[in-house]
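Participant: From first to last, the protein sequence lines are chains A and B. Last residue of the first sequence: number 515 in this note's numbering, and the count goes up by one each step with no gaps. Last residue of the second sequence: number 323 in this note's numbering, and the count goes up by one each step with no gaps.
A couple of the hints might just be wrong.
Stated by the list, open to error - Just the calculated beta-carbon pair ranges, DEER-fashion:
#, chain 1, residue 1, chain 2, residue 2, range
1, A, Asn176, B, Ser6, 43 to 51 Å
2, B, Thr177, A, Leu116, 19 to 27 Å
3, B, Asp78, A, Met70, 42 to 50 Å
4, A, Cys492, B, Val21, 33 to 41 Å
5, B, Gln160, A, Val306, 54 to 62 Å
6, A, Asp191, B, Lys128, 37 to 45 Å
7, A, Asp450, B, Val65, 26 to 34 Å
8, A, Ala178, B, Leu63, 27 to 35 Å
Said to hold, decoys possible - Chain B residues, not near chain A, derived (Cβ > 10 Å throughout):
#, residue
9, Arg3
10, Met38
11, Leu50
12, Arg56
13, Leu59
14, Leu92
15, Ile110
16, Thr144
17, Leu155
18, Leu250
Source of the hints: derived by calculation from the structure; they are not laboratory data. Just so it is clear, CB atoms sit at the ideal spot from N, CA and C, and this is done for glycine as well.
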Amino acid sequence: MRRLLTASLALLSTTTAAFAEAVPGGKLNLIVQPEPPSIMIGTTTNGPALLVGGNIYEGLLRYDETLKPMPSLAKSWTVSDDGLIYTFQLQEGVKWHDGKPMTSADVLFSANDYLLKMQPRHRNLMSHVESVTAPDDKTVVFKLKEPFEAFMRGLSFYTMPIIPKHIYEGTDYATNPANDKPIGTGPFKFDEWKRGSYIHLVKNPDYYVNGKPYLDELYYQVIPDGASRSVAFETGKVDILPGGSVENFDIPRLKDLPNTCTTEKGWEYFAPLSWLWLNNRKAPMDNVKFRQAVMYALDREFAKDVLWNGYGKVATGALSSKLPFYKDVDPHYPHDPAKAKALLKEMGYDGKALKLLPLPYGETWQRWAEAVKQNLEEVGIPIEIESADVAGWNQRTSNWDYDIAFTYLYQNGDPAIGVDRNYKTSQIAKGNPFNNVEGYSNPELDKLFDEAAVAYPATKRQELYDKAQKTLQQDVPVAWLLELGFPTVYNCKVQDIVTTASGLPESMRDAWIKK
Amino acid sequence: MLRFISGRLLKAVVILICITVLNFFLIHAAPGDPAAVMAGEAGDADPAFLQQLRERFGLDQPLYVQLWIYVSSVVQLDLGYSYRQQLPVLQLIGERLPATLLLSLSAFVISLGLGVTAGALASARQGKWADTIISLVALIFYATPLFWLALMGVLLFSVQLGWLPGFGYETVGANYTGLGRSLDILLHLILPAMTLGLFFMAVYARMTRAAMLEVGKLDFVKTAKAKGLRSGLIQRRHVLRNALLPVVTLAGLQAGQLVGGAVLIETVFAWPGIGRLMFDALSQRDYNLLLGVFVVSAAMVLFFNLITDVLYRLVDPRIRVAS
Chain A
1 MRRLLTASLA LLSTTTAAFA EAVPGGKLNL IVQPEPPSIM IGTTTNGPAL
51 LVGGNIYEGL LRYDETLKPM PSLAKSWTVS DDGLIYTFQL QEGVKWHDGK
101 PMTSADVLFS ANDYLLKMQP RHRNLMSHVE SVTAPDDKTV VFKLKEPFEA
151 FMRGLSFYTM PIIPKHIYEG TDYATNPAND KPIGTGPFKF DEWKRGSYIH
201 LVKNPDYYVN GKPYLDELYY QVIPDGASRS VAFETGKVDI LPGGSVENFD
251 IPRLKDLPNT CTTEKGWEYF APLSWLWLNN RKAPMDNVKF RQAVMYALDR
301 EFAKDVLWNG YGKVATGALS SKLPFYKDVD PHYPHDPAKA KALLKEMGYD
351 GKALKLLPLP YGETWQRWAE AVKQNLEEVG IPIEIESADV AGWNQRTSNW
401 DYDIAFTYLY QNGDPAIGVD RNYKTSQIAK GNPFNNVEGY SNPELDKLFD
451 EAAVAYPATK RQELYDKAQK TLQQDVPVAW LLELGFPTVY NCKVQDIVTT
501 ASGLPESMRD AWIKK
Chain B
1 MLRFISGRLL KAVVILICIT VLNFFLIHAA PGDPAAVMAG EAGDADPAFL
51 QQLRERFGLD QPLYVQLWIY VSSVVQLDLG YSYRQQLPVL QLIGERLPAT
101 LLLSLSAFVI SLGLGVTAGA LASARQGKWA DTIISLVALI FYATPLFWLA
151 LMGVLLFSVQ LGWLPGFGYE TVGANYTGLG RSLDILLHLI LPAMTLGLFF
201 MAVYARMTRA AMLEVGKLDF VKTAKAKGLR SGLIQRRHVL RNALLPVVTL
251 AGLQAGQLVG GAVLIETVFA WPGIGRLMFD ALSQRDYNLL LGVFVVSAAM
301 VLFFNLITDV LYRLVDPRIR VAS
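So that you can see chain B by itself, here it is in the shape it has in the complex:
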């Protein structure tokens, strides 16, 4: 197992460097550069000013020199300096990463927990009204665009009912501390996390239900029934456990998106996370910052893939970890 993990980590580093180089060229292929964007926003500039900016950003160097400087600093765990925001990239990402992780992890837990439970419930009540309702709701969430759900959520719960805050990370200017602050953040978290989690919740529910129904028809379940085990126990121990593998695969995918997958939700709910940071960096051609977010999210994806592979083995010991 250890050998497996260390081998994978080594591969991950190589992949990460390849991704960095690839991203570097992709970003520089986009039209316009940060100097042009900054000059453009000021509505006023002369060529001397642009030249000055480009020199300051190192954009007057040949591309391969810029690449060499960037990759060699990334290898030393330095993600460079964001000239636009005038702060180190690591600091900017560090400030915003917790908010994104909080949002995505909550959405992850909500969708996995509720999704698997609902799916299991539906399969146990196959054909009955509970099954019909769960399947229908799952289908609706599966088919509805995220941003629409988000807007409707805000209209209903914030504007109409006034129960939940419609945007932001916490109440600005309230200066809560300790428990009060946690509660405040929790309230702000509900709408975005629910909206972000609904799609995957629907997927988990549908998948769990289908897989459980399939496993339920297999011989070992019949054997278990014939042995006279209680049906609840059969569902949990025999059926659910065997049906979980596809769910784990998918959860691995969702976990991989933890960092970069919430751009839309973070924008609608003014959530100060890394997805928005990435989006802003993209439209402002803030090369170092954008590359930095890409490196961090790629590292996360690789990390969660590794975790998923290890989990496979725990869920189903018959699967051998190939080294």
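Next up, chain A with everything else stripped away, as it sits in the complex:
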């Protein structure tokens, strides 16, 4: 009896441990890779900058894993029935890290002035907005020119971080000294940046969410070599390896270490999708049969299982399955070399050798290029791999100097923000990196995308996007590869590591360490 009692007591204590209250205190070491040029995310918006800066600056909203809005600097909001007026109530008691109060004036300054000048993504979003006004200190009203339902998913720290007006107004934004010592409203404050070594953030004791953040300190360590980053985790010098900070083939080994957890969550907002840009302007890529043949020739399951260690998902088309309005439509392109060969024969492909430009982002991508070369050569398309570094890759793709090129892009929460830019005719411009680099132009699709962006409500958008996805699926302007999985590897003692669709940059405010 007594033994039974102790056993059940033990069980009770473990169950309570599983639902334990968050405990404050402690510090965490993370990797930031590569070292960002700046962590002022109003101007610098690459991944590493966001990873650190997302703790310092905040947007009006955060998003859960299905991209539904959650409060951030805005505590509540209403949308008018015609979908034109968005009204946001700001949180009470929000202070900048220098102690000044954050008000609607800061939101107006960010939306109407600072970001409009400094950030192309914001510029695109604001092209749908007629005016931003503030009836009082705690209210902000966005009036749209036409319904743009995607607007609600463009208010994160990533596209619209709120910037302090009193620091930046009337200065040269690019060289303001505060860029070096950022001042935001976030759960952590900037403390020190030892270039080449680490960035140190400390808890913001005046944070407006009661009790948060739990952690006292964050160290973002800069370790340039991939193997050394694995060693840093193995030897316990680093607690969290954010997605993409070690080579994929190292992850299974790290995962087997004691006390090691992994998660693929926290990438729903970005939903990175990889594909091959097929230069539609040049023969034979200008022939739809050739492009379909490429799709059939690729063994994408192999790439996922072997090169990406099973992480991620084979892409079914232009939209990531994590995105709203995604639909799995016909035709499908399973690995079928015979079909690829038949298509090539049908179109009379002359066997001209093509140049393949891999992505200069490490070993996994190099190997992937080799696998693609092998796949294509199996069906009779000779391939030459031409490597370039990041700058060279940018130069060549944005000047259309390639046959087939690897890339991957973020989908940014909505097809009207992150997807249609890759296929619309209006986005073709030499020297424009990303967007419609493949040179695909289909007036019918342009119309579908334009209508879908401003259709209201969402059900109407869905119909239009279904059609658009179908058109793309037949035309294959690019060869879609994988929805990339970037697992975060971390010490299991760290709790609540991913709480939003943007993952680590936002969730350090909720993270805590189990004692």
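Following the hints, position chain B against chain A.
Facilitator: Below, chain B without anything else, positioned relative to chain A:
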């Protein structure tokens, strides 16, 4: 001597300017520019944004104007502004130079000290077991790639044994001060400095041994022996001193690499030095920063060449410094 030094300094300035101009054109010949890299990293950009960046960086100016602006500011000892890192180049280099000098100088001292000692020892024990072992070890270090040694060092001493830190300059977040901090840095220094020094150590050992054996056969050594001097004294005073000239030549070469030669080691060991700064600047087309590192390292090479020439004369007074 003074005239010699001032003449050399004058030449050095001219050479430095030539190097700057040459580097300027080399860098601009590489495909892509900093604006494209920054836009590329953001994964999202419009042509207006690129144009805006290029204007901010002055990249919309004709190349000769950019060159003129750069060279005239370098002559005034201003290395410009790194738009990417948003800091003055001199400040960035100043922050990172000490770490590199510490690493390279330690490696230099280790390799020279251990190398010459081992070489001298081997030649004195020619044909005996000590000679065999030293020669073999030197050969292995001479032939093994640096990065492999570095990785094996980390695997053995950090991962397996846990004796030494495997990366970094100091323990992040420990906030040591004074002596504790020095000790901490010293521990972090051991693996990278040893790895960086091993190759040159092997070279010095082999060279010292060969040169000493050669000098040992010369007539004046026989004379010294005939005079009945102790053999240790002969080795030190007569043989080693005469055998050191080729070593000094090589040490001059190694010293010239003090700034730029440690890119690989700094990357593997996450050492926050100037070699990595240079490498990052290169891949990001951070023109001003890259040129700045080149100017500083070229100045160092010129400086150490000068020192070497002066040392020649001190080691062997028969060598006249040509003015």
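Participant: Could you check the structure against the hints above and give me the numbers of any it violates, in ascending order?
Facilitator: Going through the list in order, the structure violates hints 2, 4, 5, 6, 7, 10, 11, 12, 14 and 17 and respects the others.
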